[in-house]
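J.: Those sequence lines, one after another, are chains A and P.
If you read the first sequence in numbering that gives the first Met the number 0, its first letter stands for residue 0, the second for the next number, and so on.
If you read the second sequence in numbering that gives the first Met the number 0, its first letter stands for residue 0, the second for the next number, and so on.
No wet-lab data here; the hints were simulated from the structure.
Be careful, since some hints might not be right.
Chain copies aren't distinguished; within one or between two, either way the pair holds.
Below, simulated BS3-like cross-link-like pairs (lysine-lysine); rule was C-alpha separation at most 30 angstroms, straight line [unchecked claim]: (1) 523 to 458; (2) 609 to 458; (3) 458 to 601.
Protein chains: 2
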Amino acid sequence: MHAKTPTTTPTGEALRRSLDGPFHALKQRWRDEVTADDVVRDTALGMEEARDWTLAKVVELAGRNFVTAGFPTEVGGSGNAAESVANFEMMAMGDLSLTIKSGVQHGLFGGAIVNLGTQWHHETFLPSAIDVSLPGCFAMTELGHGSDVQSIETTITWDATTAEFVVDSPTPTAAKAYIGNAARDGRMAAVFGQLWVDGAHQGVHVALVPIRDEQGDDLPGVTTGDHGHKGGLLGVDNGTIAFDHVHVPREMLLNRYGGVDADGVYRSDIKSKNARFFTMLGTLVRGRICVGGGAASAARKGLTIAVDYANRRRQFRAPGLGEEVHLMDYLTHQRRLLPEVARAYAYGFAQNELALQLQRITDAAGSDPIAARELETRAAGMKATLTRWANDTLQTCREACGGAGFMSDNGITLARQDADIFATFEGDNTVLLQLVAKALLLDYKSTWGDMDLRGTAQKTAKLIGTTVLERTTARSVIERLVAAADLKPEAERIRMRGWHVSLFEFREQHTVEGLAQRMRAAAKEKDSFAATNACQTHMLEAARAHIDRVVLEAFIEGIAECDDDYVRALLVKVCDLYALATIEANRAWYLEHEAFEPRRSKAVTAEVDKLVGELRGRSQELVEGLGVPAGWLHHPTAAVPPLLP
Amino acid sequence: MHAKTPTTTPTGEALRRSLDGPFHALKQRWRDEVTADDVVRDTALGMEEARDWTLAKVVELAGRNFVTAGFPTEVGGSGNAAESVANFEMMAMGDLSLTIKSGVQHGLFGGAIVNLGTQWHHETFLPSAIDVSLPGCFAMTELGHGSDVQSIETTITWDATTAEFVVDSPTPTAAKAYIGNAARDGRMAAVFGQLWVDGAHQGVHVALVPIRDEQGDDLPGVTTGDHGHKGGLLGVDNGTIAFDHVHVPREMLLNRYGGVDADGVYRSDIKSKNARFFTMLGTLVRGRICVGGGAASAARKGLTIAVDYANRRRQFRAPGLGEEVHLMDYLTHQRRLLPEVARAYAYGFAQNELALQLQRITDAAGSDPIAARELETRAAGMKATLTRWANDTLQTCREACGGAGFMSDNGITLARQDADIFATFEGDNTVLLQLVAKALLLDYKSTWGDMDLRGTAQKTAKLIGTTVLERTTARSVIERLVAAADLKPEAERIRMRGWHVSLFEFREQHTVEGLAQRMRAAAKEKDSFAATNACQTHMLEAARAHIDRVVLEAFIEGIAECDDDYVRALLVKVCDLYALATIEANRAWYLEHEAFEPRRSKAVTAEVDKLVGELRGRSQELVEGLGVPAGWLHHPTAAVPPLLP
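Chain A with its partners taken away, still in its complex shape (with noise of 0.2 angstroms):
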């Protein structure tokens, strides 16, 4: 038996409050209402214990109210997208597979039907993809085309004789492969293939196919596969579904944006097939933003973990000290851990605004077509960023613990492992990136689709000095706080926010214009893929530089929004910490840009040793604003005393 759950200290309830902000009261229901027993799995179980456990528990959640905020109002949802990612953040403290099962079927499959189908599908399908009596497949990747959607080679094709659709896999790399609820659970699958009526090829679109009858058994031309055992994520049911020649009524199609009218005929408001299909891609941009947060949540669950245990442990006689000393008052300890308490924080502010700003395009309804491109530029940079920062961050985690952090019961394994493929799904890190560097070339002012990396280089407009980096909310704030550091001698402004942004802010323009040169020069090149491809680093670069700048905003706002005094001047120092730790990731880039001498750049690592020293008294209360219920960090019947001794 575990020890009382410990309670919260003060700083660390409103550290969570400052944290949560707008999401606050949702956190806290889940916090309030929701046990280990409901979201914590238990390690032992084998796969298809787990994938039984999973399927059970959203269930419950979802009969409870807690996943369903997403949908509309005329079905039981709040018909708030910001609240349904802090939904899913709140579940990712508990197990990542009961998150993504979730996630398949509430945001994926649930949200495919509410974002490209209509009223009748929304009255028809929706009831029971909520209460989750039909267990529905996003079948959109196939075993030939992941990053690359559009050349996906499943068809739909109108047969006027029959007034039906016919799904169909023409060749073995056309099967749906990696779909949750496909090996499985699975009744009815949203398919994604390139529609033909008549002739006429009119893009992507979506079909609803149900896969298997009500004993499971695969549907006449559906045949589905397992993928098994999987890196993580035991819970969900990987497979795959290929279809024979498949009819569906013409209602099945999800025909929000294009669909066949009962006289035969294929009619859409969007003309060019290319803005139809990233138009579509669009409205399914909350998955991305949950995936990014929910990775986020595992990575807070992994520090709460470690933090905790480096204020327990102890390890080796100091000279001339009679105790052993505590993992945490080590050097190495603090710079493993607290450089990744503070980005906690500050992806979790920027999160935050991510959520708040998808709830904006998404009440505009389509009416700011700039706007909505800024937000999936920042959704796939953010995706792209915490993914990554939760994959290194658990693995730090795992290693902090040493060999009690490999014992399963101990809570970080499960975490690390479920989290290792949010890198991929959603949309591979790597490609991700590129996509946001190409936004950033283009002012958003066209998609991503509209043009391959020679167009995007001819088009963009810019040069170096004239780069207008795009406001975010905390604008304002922010030109007085660089203006406040511009005043000060360099040697003083080490610890000024403003000397920090002025740095962020360098770094993203300079990389930018840089790429936007280089790819005006790649594209008179003869040979214009040897060419573009020499720019990918270049993209990568730029992309998270941009990232940076966005998240030291949103903590910037963050920190204005807090009204505790005590908790806005530690927060400071936590801002501190990751806009250094952050400048000294990237001091190389630094002084190969003479941004500052290298007398300098060691100073921000001085400066980084001493603020991890200053924030180590305050690391228990910190990882407690991180905000994962103390229950909710070990199942309950872990066979040993968590992180022993």
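Following the hints, complete the assembly by docking chain P onto the known chain A.
T.: Relative to the frame of chain A, chain P by itself:
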């Protein structure tokens, strides 16, 4: 069913011969005689099934004489420690659970008997340790003490009245923890404890203690526990062992370095308790060398899978090109995988050298303590470096294969999960790197345990400009290379090995000397913990710089020994990539220390880009050269064709 195992290309074969070096015949025997059925685990096995499979396969391989090299010739071994390392590395290309199960049984339990025991122990226990009829534990780590072995709490007390030793766990934290074979299979344990004879403390010694009867039940006074599910190594039954005044006969103490004679008196040839402890520990250095090599083998397997996939998988159509582009043609993909292939070669050559060094020290039988400490230092540094690299590289490989990489049948995920703990066991990496730094400061003149950090600081003789880097076998070659580079203008040096060596040496020399200065200053401070703690990150830097240089020299030596002109030219390019990628990774340090200008730093990055492009066409042959049998990349019953499509 799989496609037929592809034939290795002549270049791949030649690279393999070169990288296998002195162990080619031994490693080739594994490739010729061992099948996937022998060494590749079915990913679908649950924990208990995995334990069954692992035990059965270890018994089989022992019977076929694949894991016995390290044992004395009298009991059927070859007495060759270097060969036992090579065997370990080959087994690790199959499955790490299997490798660690054999490592616990033959390397640690058997190794303790070989190295710390005397003739009676050898004759009595080695035959059954080898054929696994006596499954054994290496019971060193305790719940309360892992890295700090000298502080373990278990006691081994001489009871003169019964002429027996009493083994006891006086506190809950004294329980042995994370012990392989402890949860299920073990029948006897080599127990580390504080030896007390007639009220005098003699330091840590090892006693053999039976722990289970024939039926597998705990013997009286022994309590074993099962850690259950772990982050990996599911085939190894790790658990706890606690002792309640368990009596064992006098002979059961492994008494090579100290024991109680028939007259009840403690005798040892080594006077100092501290020296005795580090001498005993030193004889166990092979385990650390194996762990580094085994992790590197797993990374080689991951790289083989990921590079092969990247050479077959296509995604996105390039502007102006008809076909979709192979992943391996993208610069970002080349950047992710090819520097790691280069590191695989670098670490492989360095690991061969380390194994030979182990053999020399073993043959010297204690006659050269300075050389022995140099070996221990290098083993510690290589273990930390190779296991860190393997963890990072396996993760990179998983991500580079996208969703396919996450499907366990595709061969990466089990290796990734199993390799994780290699960063912790056989010495936590952060602790090991500090030991390396300490040894460098003391020029191997004292053992690690001889003094604390303050003492180390006072004893260090190093001053800026006085450090002489210890010679490696390649020293004379290297001096010629450096001299040749010195004659060239800087712009022409970028692929000159001498320039690389100079930069690697500068970094080592400067970090070690800088550390010495800091340590001396710290030793004068009143709060010596705080002062030496502030040096910790510098210790890690110095240790890494040292190992990087040692590895580069080993690579140079490996190339010098290659007698195939074509292969040598290819290896030169791979070594260029290793050297320049390492310089690039440390360019912030070089810029801070004004070893080169910003322009030069950017040129290094550009040259790495160029090199990965040049090696891209050789990537398939290069991974063949890593020596992983093609038939071992996936389990024979894998449910899906590997890495579809």
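J.: Next, verify each hint and record whether it holds.
T.: Each hint, compared with the structure:
With identical chains, the CA atoms of residue 523 and residue 458 are at most 30 angstroms apart within one copy only, with a shortest distance of 13 angstroms there and 63 angstroms across copies. Proximity of residue 609 and residue 458 under a CA criterion of 30 angstroms is satisfied inter-copy only: 28 angstroms between copies versus 46 angstroms inside one chain copy. Taking the closest pair of Cα atoms, residue 458 and residue 601 come within 30 angstroms of each other only across two copies (27 angstroms); inside a single copy the shortest separation is 40 angstroms, beyond that limit.
No hint from the list above goes unmet by this structure.
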